[in-house]
Structures are given as structure tokens and as C-alpha cells.
Amino acid sequence: MSHSPVRHDDVLHRFLIEGASVRGVLVRLSESWRTIRSSADYPPDVSDFLAQASAAVALFGGHTKVEGRLSLQLRGPEYLRTVFAEYRHPGLLRGLAHWREPMPVPLALRGMGSDALLAMTVETQPPGQSEPVRYQGLVDLDADSLAKACENYFSRSEQLPTRLILARHEDRAAGILLQILPGQAHDADAWVRVQALLDTLSQDELFDLPAETLLYRLFHEDGVRLLAEQSLRFGCTCTRERVEQVLRGIGEEEALAAIEGDAAQVTCEFCGHGYRFDRVDIAGLFARQSVPSNETPQ
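First residue of the sequence shown: 106, per my numbering; consecutive thereafter.
In silico EDC-like cross-links for lysine to aspartate or glutamate, where the CA-CA straight-line distance does not exceed 20 Å:
| id | residue 1 | residue 2 |
| --- | --- | --- |
| 1 | Lys170 | Glu263 |
| 2 | Lys253 | Glu263 |
| 3 | Lys253 | Asp153 |
| 4 | Lys253 | Asp304 |
| 5 | Lys170 | Glu334 |
| 6 | Lys253 | Asp150 |
Honestly, the hints are just simulated from the structure, not real lab data.
Please put together the full structure from these sequences, using the hints given.
So, in C-alpha cells, the structure goes:
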């Protein structure tokens, strides 16, 4: 493997450890994570969980090669109510978190409550079908870290040994995933060996070494090979049309009740973009909704 002085931020790298029959993904996020973080004034511990979730969905998007959407959500009844991160093909990320004050410091994953869950959702659009296909898996958050909770998910859903490292450092997030190749004979000694090598990875190396150098340093004895890379960036799906659908869903009375002053202001929680609707706009939404189906809406 050749060495390169180039750092790879906001890029997903897929790789193969050939001698161990292990596949992997390496992700570093910088600008994409900073944009996600900028949507709210997150406390440090909440920011840590959201950064790790953002790195995780990027890893899983690269791992599954999903061509639709893949989301990870932590849900709980206690202080950290929701952490949501989404990967969308080709390489678009977004995320948010909801929490309740006052929070304990430090905030542990188990602090989300005894009924807390990790939900992994994949949505794809099969060729020739009008409706997307949606799959969801749920596991209890019975783990000390998000990485360990995700490992538990893969153990139950794919029944393949999986290791993850997820981290945030200052204004960057990163992660690395290793998994036994499906359909291959499981070499238990090789799996123990690559995990032991992964455990030698320092935070500085995870964030700062070029991908080729990092992987060579860890796994060169087993013949590691980069397979592909994909750029990553923040991407939001909000549009005025989507907000209009939400307003129609809550009904005209509630939509009008949302008006403060001379207009209702709807702000996207993911990107912070605001959409303004005055009384004429809202009346027009429901007037269009009442047009008979055999007429063309204006």
C-alpha cells in the first residue's frame, strides 16, 4: 500500500484485510460535522453522542452500500431524549438531538433510561416500485458506549462479529468499523489479531494520519487494501413544499394558531432554514387542498 501525505476529511474509505477475511470502513468528518453541530447549542456530552452517531451512520452507509437512506436513532425517556443521524446516498449526512435540562455530568448512555432503544432504519427505492421499502431493527441500549450498542445491533441483526470505534475530538468526528466477511470461514485467531491491532490505535492516529498510512500501520501484515472512497457532506431534505405538507397535516385551525405577529415561522431543526407563512399563505394551502380531484390545482 502506498503512503500519502494527504489527509482525508469528510471522506468514507472502504478497505479489505485480505489475510484475515475482514472488511472495514474508515470515516473522518470535519465540515459536515460542524454544520450538523451548528444547528443548536448542544451541551458537550450531547454533542459527543451526536458526533458519534453521525460517524456511525456514515460508516454503516459505506458498509451496506445503501442507495437510499440509513438512519440511527437513540430514544429514551430520561435526560437525553433523542439522538438522530441519517446517511443518504450519495454521501449526505444530517442529524439532531433533543435533551432535557438539567442533565447529569457526565452523561452516560445508560442515563437514557431503562426503556431506551437503538433503532436502525434502512429505506430503499426498488426499481419499478412506486413506494420505498423500509426495514427497521431495534435493540435495547444495554451498553456502556454507542460503539458497543452498535456492535450488539450487528451481532443480532447480521450475526457477524463486528468492532467499532467512534470518537469526537474538538470540531471533528471519526469512526472505524471492522467486520468478518459474510460467507467466509471464520478464522477466530485472525479476528482476535485484528481486534488487538485496532486496540493500539491512538486518537491522534485516528484523526490525523492519512487513511493509507493508518491502515498500513495497523494491518499491513495481513495485506490491507483500500477498495473505494466516497465524499461526505451535510445535506438537508427540507423544502417549502415539505413544510406545507406538515401544515396541512396539523389542520388549518392549528396552522393559523401558530401565527405570531403577522406570520408563522417554521424553522428546520436540521439546518436552521426558516420558512415564513402569513395568513394568506396558510389560507391558500387549505384552499388548494379543497379543490376537487378532477380540477387542476392552481
